Amino acid sequence: MAELCSSMPTAGGLYYASAVLAPPGWGPLASWFVGWSNFCGFVTGPCSVNYALASMIITCGAIANPDYSPQTWHVYLTLLLLLVLNGLVTMQSTWFIGWVNKIGTIWNIIVVFIFFIWFPVGSVNTPKTNNSHAVWTTFENGTEWPIGWATIMGFLTTIWTMSGYDAPFHLSEECSNANIASPRAIVMTAQFGLYMGFAIILVIVYTVKDITDVVAGQYGQPFGSLCLQVLGQKAGLAMFSLNIIAQFFVGEGCTITATRVVFAYSRDGALPGSKWWSKVDPRTKTPVNATWGVLSVSALLGLLMFASPVAIGAVFSIGAIAQYTAFTTPVALKLFFDHGRFRPGPWHLGRWSKPLGAIAFGWWLLIVPALCFPAVKGKDLNSLTMNWTCLIYGGSMFLAMSWYAIDGRKWFKGPRINVHVTHEGEEVFDGNSGDSSSEGKHREMLADVKQE
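Using the UniProt record's numbering, read the sequence shown as starting at 1 and increasing by one per residue.
No wet-lab data here; the hints were simulated from the structure. None of the values given here were measured: they were computed from a predicted structure. Even glycine gets a Cβ: it sits at the ideal position worked out from N, Cα and C. Hints should not be assumed to be uniformly reliable.
[What the hints assert, rightly or not] Capping the alpha-carbon separation at 30 Å, the derived lysine-lysine pairs in DSBU-like fashion look like this:
#1 Lys354 - Lys413
#2 Lys354 - Lys102
#3 Lys128 - Lys279
#4 Lys275 - Lys128
#5 Lys209 - Lys128
[What the hints assert, rightly or not] Distance windows between CB atoms, simulated:
#6 Lys234 - Gly394: 19 to 29 Å
#7 Ala216 - Trp107: 28 to 38 Å
#8 Asn382 - Gln218: 42 to 52 Å
#9 Gly394 - Pro146: 34 to 44 Å
#10 Pro282 - Asn382: 52 to 62 Å
#11 Lys413 - Trp352: 50 to 60 Å
#12 Glu140 - Trp107: 37 to 47 Å
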């Protein structure tokens, strides 16, 4: 993905790359498919992250006040408040959003290092840590599937957490030196997630005492139960609260990226009401309409919490599957159908491009079906325990592709050129008034596609 971003740094991202790399005559269809899959993934992002955050806030209240009885509507109202706060930040200028992101990044790093130190040192248990043999040889299978398949299904948490690889891709039109800075950000995000994520997991497995109690705790928040189990009531609540603040910045980042995706697709007329969603505020130079559109969809998706925990949980799986499908499609197109369309940017993989692309495609073939499996089977499988992810995502994509077959193919011709430029040091979100070598390369690649 970083290689694609270096070659084609546009807000459309994967959707744009798919149009360029698709076989002759298939560019519009490929970009339509990827765009809608990416859209499904991103519009569920603010909902899923802020739903988790709202649940954490309500759990904090229940821990601090044992007499408090949380209700579903409490969580929903908290979700709405968080969405409004996200919107108020996202509708501001790029400069302001940049500062918020910097603060959020610093805060998240601080919280992670506090966690690294506080958990093993401040543990109230005796002994404070588990022995290495138990850590590396004990498996806990919380499903009714064999341990190997259950392990693959367990990747949902990791994939959902690390499903924003393409965020720098979509924000590339708002930064300078995009064909180097954006792919570098993609790679650094993956590396940081790998190292820090693995370190966090190690701290957890070395300090947790009762996994069953953590997963099935009375508060319905595994990390909250973990904090209480390891650090005790007051210290655990404090650690949990620090994580809540960090989670808010995560939700803000999801909202920013989602609005840029909606803006890019609307700019090309790929969404209903595109003319309205693609408007840029003249004062902040940001897509304010797209911001509130995304958050409105998130608010509607949040209503699923009133149906069942499984229903709202499907939002998490949909985001993961939709994103990884969008991630993999242009990679697969480049792997199987590239006949000179792809022109490497300054950041490229060289001879490793095809082998790594094949690994990425193979991973997608394995993980997407796994994320559609329910945790139980047989007599325990019913409408409340069923995994409805494939139906909801598949149904959404079926409607999108049906729209293309019936009407969209008549007028949708793929992404338009609209490359960010800078005038006198001021960021211009919707730049059309300049030219650059990057823009020229984009025009040449799209011209090749149209000729074919």
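How the hints compare with the structure:
Of the supplied pair hints, the one linking Lys354 and Lys413 holds, its CA atoms being roughly 28 Å apart against a limit of 30 Å. Our distance criterion of 30 Å between C-alpha atoms is broken by Lys354 and Lys102, whose separation comes to about 35 Å. Distance hint between Lys128 and Lys279 is unfulfilled; the C-alpha atoms sit about 56 Å from each other, more than 30 Å. Between Lys275 and Lys128 the CA atoms are separated by roughly 59 Å; this puts the pair beyond 30 Å, and the hint is violated.
Restraint check for Lys209 and Lys128: the C-alpha separation of about 9 Å stays at or below 30 Å, so the hint holds. Between Lys234 and Gly394 the C-beta distance comes to about 47 Å, which lies outside the given range of 19 to 29 Å. A hinted range of 28 to 38 Å holds for the C-beta pair Ala216 and Trp107, which are about 30 Å apart. About 24 Å separates the C-beta atoms of Asn382 and Gln218, a value inconsistent with the hinted range of 42 to 52 Å.
Look at Gly394 against Pro146: about 26 Å separates their beta carbons, and that is not inside 34 to 44 Å. Against the hinted window of 52 to 62 Å, the Cβ-Cβ separation of Pro282 and Asn382 comes to about 53 Å, which satisfies the hint. Between Lys413 and Trp352 the beta carbon distance is about 34 Å. The supplied range of 50 to 60 Å is therefore violated. About 31 Å separates the C-beta atoms of Glu140 and Trp107, a value inconsistent with the hinted range of 37 to 47 Å.
In summary, the numbered hints that this structure violates are 2, 3, 4, 6, 8, 9, 11 and 12.
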